[in-house]
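Undergrad: The chain contents come next:
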Amino acid sequence: MLEIFQYDFMIRAFEAGVAIGVIAPLIGTFLVVRRYSLMADTLAHVSFAGVAIGLLLKINPVFSAIGLSLIAAFGIESLRNSRRVFGESVLALFLSGSLAIAVIILSLAKGFNANLFSYLFGSIGTVSTADLWVTVSLAIIVFLDVVFLYKELFFTSFDSELAEASGLPVKVINLTIVMLAAIAVAISISIVGVLLIGALMVIPVIAAMQYGMSFLKTLILSVIFSLISVIVGLFASYYLNLASGGAIVLVALIIFLLSLGFTRGSK
Amino acid sequence: MQLEEPYIELNNVSFSYDHTSVLENLSFTVRKGEYLGIIGPNGGGKTTLIKIILGLLQPTSGTISLFGKDRHDFKEKYRIGYVPQRITQAEKSFPATVFEVVRTGRIARLGFFERFTKDDTDAVERAMEISGIARYRDTLIGNLSGGERQRVFIARALASEPDVLILDEPTVGVDIGAQKTFYDFLSSLNKEHNITIIFISHDIDAVSHETKTVLCLNHNLVCHGLPQDLLNEHILERLYGKHSQRVPHHK
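So the sequences go chain by chain: A and B.
Its first residue numbered 62, the first sequence is counted upward by one per residue in our numbering.
Its first residue numbered 784, the second sequence is counted upward by one per residue in our numbering.
Don't take every hint at face value.
[Claimed, not checked] With a straight-line cut-off of 25 Å between C-alpha atoms, the simulated SDA-like cross-links for lysine to any residue are:
#1 A:Lys232 - B:Phe896
#2 B:Lys974 - B:Ala989
#3 B:Lys834 - B:Glu944
#4 B:Lys834 - A:Arg144
These are computed hints drawn from the structure, not numbers from a lab.
One chain only, chain A, in its complex shape:
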């Protein structure tokens, strides 16, 4: 057995990493095709505020991150539906707003800055057994949701007006996507980090889109790319002592560039 798998924390990081690697691009694909890529970053910053609150109140930061990002998901969709604020501006509002909250909490309680750093950039040492359980079970829920609601998610993403004319509850489905994104982001930030989870949800997807395949095949390919990124990134993180989020996203970026070059050459 490889030396890397002699450590429990590494096994947990790989297990959680695979779970995240599957659901991040799965949700990311729907965000990208809706021109909603900024959503992942916004929810990541909200999760960060959630982590700060969790550390301040001494509760598991994963739980407070999930809770706060679900509340924000609901808020974002309500505000968007009210049409009092443009879609893009709603995201900017929540992104900077939650960052402000996180910064205020940080300056109020100065004790946990080092710990918070690992949530910013991702760390393979932060996944506890409890976190692993939460991550894997929520990832399974997100995965099953996408599988069972696939045709509805596809249709509303492709053309929400046609979907509504066909009798689909478009607002409910939109809220579902944002809620699933909130869960996916919140459980991902411990390994990938607040600043980089957006990249893991978007880069494998746009890499897969270069091949000009059907929606379903693009979705599957993006998951494969993401899993390669997570696994290679975690190895690199361990052996080269790098922040895991950075290593994972860098691998994803290399896959994207290779895909771009490969499909350019074939056209």
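Once you've looked at the hints, dock chain B against the given chain A.
TA: What follows is chain B alone, placed relative to chain A:
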């Protein structure tokens, strides 16, 4: 002569948006087998009318019946196939094949969590065949021309096996040469497949040559009847000129 079954009935339907009246007291009936063209100036409420029929907008007042049922009780959405106007940039970059797009037409017939069956796939293949896009089955929609993409959206609407097909400006973005083929295609859907067609157009020539009945709309109903009776200079002046006003409803 016995009248055909009424499919769409509007009674005194009005719609206003931010206190601006868009539609005023519209009453008309579309019956089985009709081929109706809706013409009128931009901003005259054509698209709004379609959206109200589809249930995308709620009328401010008045009642609408679809297939003999009040619109609130009408659940068989698949009976009305809708081909929207736009051929947008968003669709061009959307990673989906023709088959995947056409198959969304079956969703109105399925419940939540229900999966596509062999019947669905067969209906999708048939709709692509009728629309002449079967050979593009696995092509990305972004790689098609405007006219081909329009046919994908018609195939999508036909895949639900509708009784009524509603098209909003179907020839926008379709080149002149392809338009003739397109109108022949619509006409064959009406005659051979017995599909009731409603189409919005700014192309008065096309409407007068192709459709069986015409409805002229400029906030209210300016005329409704046979194209040869209606589309004279007098009516067009009323429709597009400053002093358009309501004329008696032709039956």
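Undergrad: If any of the earlier hints don't hold here, list their numbers in rising order.
TA: Going through the list in order, the structure violates no hint and respects every one.
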